[in-house]
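Engineer: As they're listed, the protein sequences go chains D and A.
One rule links them: number in the working numbering = place in the first sequence (from 1) + 6.
One rule links them: number in the working numbering = place in the second sequence (from 1) + 6.
Keep in mind that a hint or two might mislead.
Treat identical chains as interchangeable: a pair holds within one or across any two.
[Stated by the list, open to error] Okay, derived cross-link-like pairs now, BS3-like style, lysine-lysine, Cα gap no bigger than 30 Å in a straight line: (1) Lys170 x Lys31; (2) Lys63 x Lys192; (3) Lys192 x Lys47; (4) Lys63 x Lys50; (5) Lys146 x Lys47; (6) Lys27 x Lys170; (7) Lys119 x Lys27; (8) Lys71 x Lys50; (9) Lys31 x Lys50.
The set of hints was computed from the structure by calculation and includes no laboratory data.
There are 2 protein chains.
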Amino acid sequence: MYDVAIIGSGPAGLSAALTLKLHNKEIVWFGSKELSEKIEKSEKIANYPGVPMTSGKDLNTAFMKQAEDMGIEITDKTVTLISRNGDTYMVLANNEVHEAKTILFAAGVVLAKGFEQEDDYVGRGVSYCATCDGFLYKGKDVAVYCSSPKLEEDVRYLEETCGKVYVFRTYKTEKPDSENAVVLEKPIKKINGGLKVTGIELTDGSEITVDGVFCLRSAIAPTTLLAGLQMDGPHIAVNRQQETNYPGCFAAGDCTGRPYQIAKAVGEGNVAAHQILEYLSN
Amino acid sequence: MYDVAIIGSGPAGLSAALTLKLHNKEIVWFGSKELSEKIEKSEKIANYPGVPMTSGKDLNTAFMKQAEDMGIEITDKTVTLISRNGDTYMVLANNEVHEAKTILFAAGVVLAKGFEQEDDYVGRGVSYCATCDGFLYKGKDVAVYCSSPKLEEDVRYLEETCGKVYVFRTYKTEKPDSENAVVLEKPIKKINGGLKVTGIELTDGSEITVDGVFCLRSAIAPTTLLAGLQMDGPHIAVNRQQETNYPGCFAAGDCTGRPYQIAKAVGEGNVAAHQILEYLSN
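Chain D with its partners taken away, still in its complex shape (with noise of 0.2 Å):
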């Protein structure tokens, strides 16, 4: 049992692990080994206090170099589910249960809308994470939404296992797919199906049958992680004192609103540690 589960690893994350870690808990933290994609590119910030006119490569450097120095790690694992257990919280990430007293949601703000019925077929045929759940497809037919260059590897992984994949881009890539994929020009609009997954619809209205949707995003957004979970507008609404609506579980950085900054990230980890001692210690 963890005292956190902190998902993200971006600066919020990283300031709430580093207050936790000081007062020795057990801290199970969710994310990126490059931690902050975001901040990794970017080319300037000149108003992180202490770390005058750094570049984002510099700095994501210098945060990882003071996680590991405090022996800090990182679980390279996407968490795809939260439920709240009793009194504490149960997280699922790459299929593996994990479980934490607290949770800290400090994975960025989602602004990408998921697709209509999205939310209707979560483990009924809507996968977001292909390592986890590419098996149970094997051979079958399936469509693949990917929005970031760094999830290649699973759409690669899928065209393996699968029969005929479709599969959608938000960027552009060079490398060639396999044989028994189809790219697809239009984006996806809607998850169709019954008591399961049966296809998806694209936005020029035409219709493809598939038996699984994998929605590969660099971020997978709060209500889908965690049902219930109140939102404000594409923000998980909390306090000051960064609490959600759930007891025991705090939200910090982008995703509880702007500014998208690494200074406000770095703040509101900060004070969700220290609520989380608070809430730990009752």
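Fit chain A to the known structure of chain D by using the hints.
Structural biologist: Below, chain A without anything else, positioned relative to chain D:
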């Protein structure tokens, strides 16, 4: 007319100043050339993201250099009064008036309560600034409350200027007082007077006749500076946008509540700056 008057030179003030300067706003920044005495004295800071295991001294030095490199100047004056003047604010510092469209309180938390009736006699015998008001008490008897060795120069100045000077310090000092000084053993409890100050009462009930009382504190209570500012205990009440109950008046850092942490201050300063930008654009 300044766009913003920032009161306080800790990490919240710096964070806001950096962002506002980047947006080419006209800033007047009141504080100490040494920025934050509290950080300067911190032995080790282990949880500030991006600056691993730093000493307070090193971090404060980095903060100073960053402000300097950005061309942000610190006004080493003591703000003693703020008042709303139509749509803008008037800030009194060392008896000079500065006008600003918005205010950011970032002067840390004032844990010490004022004396009984202190608020009633501001400008009528109670002063917060020796340099500003000392000459008004030339040859007259005054009481001096001093809470920081950094303000010893002010005590010295009053001893040179005034008649009898009754001094109470919250710390020990080696420096001898001048002959016209009386070092008080008991703390000041209450300020007495009619239309103007007539004396002080100590905690042992004894009374001393004086014409003025100098309260030399490193920080002045926010409600003493700006009458009617809404508080939440010892903290300035703010919402998630760092707005106070006064339009165009914001607060960030320790003054808004716990945790008293650099990361939290930096985050709130950033949020306040963005909110100020939005306020100014309307």
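Engineer: Does each hint hold? Answer for all of them.
Structural biologist: Consistency of the hints with the structure:
1. Lys170 x Lys31: neither (46 Å within a copy, 57 Å between copies)
2. Lys63 x Lys192: neither (34 Å within a copy, 57 Å between copies)
3. Lys192 x Lys47: Classified as within; 28 Å inside a copy, 60 Å across copies.
4. Lys63 x Lys50: both (9 Å within a copy, 26 Å between copies)
5. Lys146 x Lys47: Answer is neither; intra-copy 37 Å and inter-copy 65 Å both fail.
6. Lys27 x Lys170: neither (46 Å within a copy, 55 Å between copies)
7. Lys119 x Lys27: neither (34 Å within a copy, 35 Å between copies)
8. Lys71 x Lys50: Close inside one copy (20 Å) and across copies (18 Å); limit 30 Å.
9. Lys31 x Lys50: The answer is between: 20 Å across copies meets 30 Å, while 34 Å in one copy does not.
Violated hints, in rising order: 1, 2, 5, 6 and 7; the structure is consistent with all others.
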